[in-house]
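**Q** Given next are the chains, with one letter for each unit.
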Amino acid sequence: AAGVIQSPRHLIKEKRETATLKCYPIPRHDTVYWYQQGPGQDPQFLISFYEKMQSDKGSIPDRFSAQQFSDYHSELNMSSLELGDSALYFCASSPVGSRGEQFFGPGTRLTVL
Amino acid sequence: AQSVSQHNHHVILSEAASLELGCNYSYGGTVNLFWYVQYPGQHLQLLLKYFSGDPLVKGIKGFEAEFIKSKFSFNLRKPSVQWSDTAEYFCAVNAGAGNNRKLIWGLGTSLAVNP
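Chains as they are written, first to last, in the working numbering: chain A, 1 to 113; chain B, 114 to 228.
The hints are simulated quantities; they were obtained by calculation from the structure and are not laboratory data.
Where is the CB? At the ideal position from N, CA and C, for every residue including glycine.
Any given hint could be a false lead.
Below, computed lysine to any residue pairings styled on SDA-like, alpha-carbon distance capped at 20 angstroms [as the list claims (entries may be wrong)]:
id : chain 1 : residue 1 : chain 2 : residue 2
1  : B       : Lys162    : A       : His73
2  : B       : Lys162    : A       : Lys57
3  : A       : Lys57     : B       : Ser116
4  : B       : Lys174    : B       : Phe185
5  : B       : Lys171    : A       : Arg99
Computed list of chain B residues with no C-beta within reach of chain A, every gap over 10 angstroms [stated by the list, open to error]:
id : residue
6  : Tyr138
7  : Pro168
8  : Glu177
Some chain A residues judged to face chain B by a derived CB distance under 7 angstroms, without partners named [what the hints assert, rightly or not]:
id : residue
9  : Ser94
10 : Gly100
11 : Glu101
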């Protein structure tokens, strides 16, 4: 079965650089979620999109932005990277009619040097 | 505000021991409940879910959970753990209606099973 695809899987950036993470949801899933997970921490909800519109916003820094495109894939744009942004970034998607069940991608491990 | 609390942050067991991880939530309305597991170095995977009906739900790998509405609890159980169950376990609750599918997460329980 198709799963959530994230790219790249690993990314190394310098401080103050920008990064773009991509997420391709499972086909026919209409909602995408972004999470940040620091080492040994629980996933922190950043932002979600339903039918290409932002549906909820969590603890996403102002330096980050995201959008969902017409083909339902989503991109998380991160600017002015800081050391503290080093984390695993997960994308999840939900199908139409879901009651909260989310399907997670493998994550992008971002390291900021 | 809605919240989810997991009582045990770190649990260490020997193989074949029984497991119960506590999860309580704060929300008075209809909820959808989930347990996710994250094996070392891997992404989150759904272990089991409860939407309605039989409050005792069975998931993958021999896990089960019981929804007790009066106690606002959804505890995870396994009669006999294996070394391969070593992982982080997260309880999550969806208390939204309509298209609100946001999950409220617990802080997670780290389970280490000694062979």
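**Q** Against this structure, judge whether each hint is valid.
**A** Going through the hints against the structure:
Distance hint between lysine 162 of chain B and histidine 73 of chain A is unfulfilled; the C-alpha atoms sit about 26 angstroms from each other, more than 20 angstroms. Restraint check for lysine 162 of chain B and lysine 57 of chain A: the C-alpha separation of about 24 angstroms exceeds 20 angstroms, so the hint is violated. Taken as a hint, the lysine 57 of chain A and serine 116 of chain B pair is honoured in the structure, with Cα atoms around 17 angstroms apart against an allowance of 20 angstroms. Using a Cα cut-off of 20 angstroms, the hinted pair lysine 174 of chain B and phenylalanine 185 of chain B is violated, with the two alpha carbons roughly 25 angstroms apart.
Distance check on the hinted pair: lysine 171 of chain B and arginine 99 of chain A sit about 18 angstroms apart at the alpha-carbon level, within 20 angstroms; holds. In this structure tyrosine 138 of chain B is separated from chain A by more than 10 angstroms, as the shortest Cβ-Cβ distance comes to about 12 angstroms. Residue placement check: proline 168 of chain B keeps its beta carbon more than 10 angstroms from all beta carbons of chain A (closest about 16 angstroms). At roughly 18 angstroms, the least C-beta separation between glutamate 177 of chain B and chain A is larger than 10 angstroms, which holds for a residue marked as non-interface.
With a least beta-carbon distance of about 5 angstroms to chain B, the hint placing serine 94 of chain A at the interface is held under the 7 angstroms criterion. For glycine 100 of chain A, the shortest C-beta to C-beta distance to chain B is roughly 3 angstroms, which falls under 7 angstroms, so the interface hint holds. Interface restraint check for glutamate 101 of chain A: the shortest CB-CB distance to chain B comes to about 6 angstroms, inside 7 angstroms, so the restraint holds.
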